[in-house]
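Student: Chains as they are written, first to last, in our numbering: chain A, 1 to 374; chain B, 1001 to 1374.
Hints listed in this document are in silico derivations from the structure and should not be mistaken for laboratory results.
Bear in mind that the values here come from a model prediction, so they are computed numbers and not experimental data.
Please note that a few of the clues may not be correct.
[Claimed, not checked] Beyond 12 angstroms from chain B on every Cβ pair, some chain A residues (computed):
1. Gln5
2. Thr9
3. Glu24
4. Asp46
5. Leu99
6. Arg103
7. Cys182
8. His194
9. Pro226
10. Phe252
11. Trp365
12. Arg367
13. Arg368
[Unchecked claim] Simulated DEER-style distance windows between Cβ atoms:
14. B:Thr1082 <-> A:Glu203: 35 to 43 angstroms
15. A:Glu45 <-> B:Glu1305: 37 to 45 angstroms
16. B:Thr1082 <-> A:His278: 21 to 29 angstroms
17. A:Gly222 <-> B:Pro1284: 50 to 58 angstroms
18. B:Pro1240 <-> A:Val270: 57 to 65 angstroms
19. B:Gly1180 <-> A:Arg287: 44 to 52 angstroms
20. A:Val270 <-> B:His1115: 28 to 36 angstroms
21. B:Arg1065 <-> A:His278: 13 to 21 angstroms
Here a beta-carbon is modelled for each residue, glycine too, at the ideal position from N, C-alpha and C.
There are 2 protein chains.
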Amino acid sequence: MFEFQIEATSGAGRAGILTLPHGEVKTPAFMPVGTHGVVRGLSAEDVRRTAAQIILGNTYHLHLRPGEDVIRSMGGLHRFTTWDRPMLTDSGGFQVFSLQGLRKISEEGVEFQSHVDGTYRTLTPERAMEIQWALGADVAMAFDHVVTGQAPHAVALDGMEQTLRWLERCKTRHEQLGDGRCQTIWPISQGGTHDDLRKRSLEGTLAAGPWTGIAIGGLSVGEPKPVMHRVLEALEPALPREIPRYLMGVGFPADLLEGIARGIDLFDCVAATRNGRHGTAWLPTGRISVRGAALIGSAEPLDPECDCETCTTFPRGYLRHLFVIEDILGLRLISLHNIRFLVRLGEQARAHLLAGTFDGWSHEWLRRHYARGT
Amino acid sequence: MFEFQIEATSGAGRAGILTLPHGEVKTPAFMPVGTHGVVRGLSAEDVRRTAAQIILGNTYHLHLRPGEDVIRSMGGLHRFTTWDRPMLTDSGGFQVFSLQGLRKISEEGVEFQSHVDGTYRTLTPERAMEIQWALGADVAMAFDHVVTGQAPHAVALDGMEQTLRWLERCKTRHEQLGDGRCQTIWPISQGGTHDDLRKRSLEGTLAAGPWTGIAIGGLSVGEPKPVMHRVLEALEPALPREIPRYLMGVGFPADLLEGIARGIDLFDCVAATRNGRHGTAWLPTGRISVRGAALIGSAEPLDPECDCETCTTFPRGYLRHLFVIEDILGLRLISLHNIRFLVRLGEQARAHLLAGTFDGWSHEWLRRHYARGT
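Could you build all of it, start to finish, from the sequences and the hints given here?
Tutor: Here it is in structure tokens:
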């Protein structure tokens, strides 16, 4: 269990298979985000039809509503959501550190005010493990101290060192909770955009191991894309080969290919569903606003190259109509397409990694995607 | 085509099969309403999974958005919506007469102000036929003058007589548009709650025939239920046996059984989806608010007797959670259940009509449904 087998490589890029208690995940792979125990607007069956192999749940949100005790009493997050495949929960770190002005950080943990009802609550490394244990995902994430993308060295250093101290507490508590057979814990390396801190974070993290996977946190939080790429390139040679690498909160379509080329195996991002709700669909040639007048009366599919339910069933003109009359079916259909778009991009990258054609394909895909300047 | 075959009767109740260009409709049957070319929040595939056999489209709404020309250019309402089974469009009469203060009635037709963009438009019997012809449903409805449920005799008389005069014009225009092989037209009898007017309306309507079906309009528009039942009972002996009878804008679950017992074959109503969006689900034992705290943590199905996707897949506690976090999946799942509930009630009534057990079953069903006083 929790084994990761690498099948092919191309430069830093890897194609692998991760074995989790609820099934296999063929990598590289995009993981849709089920913030509140639901990928916004989609049923578990909808998500299964996108061929997504693993989804996320957010500890912060599920702790507040409905509460981990409710979910545990109903048989855990899998039963609750009816998603029967692999699942990963984040630790709540990213969310509580985003609560600017509503949270107080100490060595013990983070006291924060619920955005739902204003109650004061405390999340510690131990509590984050206990909540995730109650939720019962295949992979639990360590509780980390996230800093913004522009954080100066001293601030990033503080967050990075605290993340390392908290990692020890997470590990200890997680080992007390179970025997590690139905849930594993992955650490999160931090250090902002400072190469020396990233290096120290990774060394400290690996020293606290062994781990079955590792995450890179604190990127795509405001820093320019080239900076993120530089950090990934500097980190990559020091990352262990034999475990999966998860780049948290990334990405957009191009981010997947850029990340895969830099040795990343797993991605998550809410952009697919957020864009979907706003009527923005990803296409191989960039993106399109489904509200646009150009779609009026069009009997063409949204993306003729796509095999998703939306593109194989509905004419563009109908999709536009759904946004004009504000029917929620429109939000769902574009979210479905965007998720399938990213899942399929992972599948395609994997096929090209296995065939030894990743570099050329990826370069051409990115060129075409950026050609219209969108 | 447009044949109606009666298979069994029980008192006034009938089980039959209506043959339409896009397929058969086994009656009695509930028809979900696809106001804007979409059953609110549901894809055509969602609706097919409820086993609904025929859906409605609203001429008024589709004329305004996206416009019948757009739909015709895309291949008609079936292609536009991807609903490939029987479809019926209303005439827009009910909608324009509901636009109190925004419409002016003359012998020619109704001038009204669009609720979308404020433009002035005119709907006449001829235009109503032309729009419905462009939409291309199996059944088009005649353009009628609807009065409220409390309309006094003189007002109801006016509306009823104008409906009869407009019926002739609808028939003439519809005959000019096609040969009657891909679309039929059904008249709507009016007369408010006045038995003498209902009788005269029916006589005038039938004299203008023959028809392949007939609708009863102007009920369930504010009058008490017992009044509606009395009107139906007075009308029934005078209704032709050999064509289907459609009670417009009705109903709630109990209305279906009450209507079937009084000789009605077809029903439509937006209550299933409207209630669904508000989190009210129908159960055999009444109804339930899915937002209720009683559902917290419940792993039971919403309705253990129901075979819909919602009830066979999701625990009640998850459905409640979806409404708490305001995810649109909740609206869809309860709408799906409510539609399946009505479709299945039609199927059950039909089975009992065929088995000769309708009266006893219906009586017991209504007793149980009303037992909790909801």
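Student: Output the indices of the hints that this structure fails to meet, ascending.
Tutor: Result: hints 4, 14 and 15 break, sorted rising.
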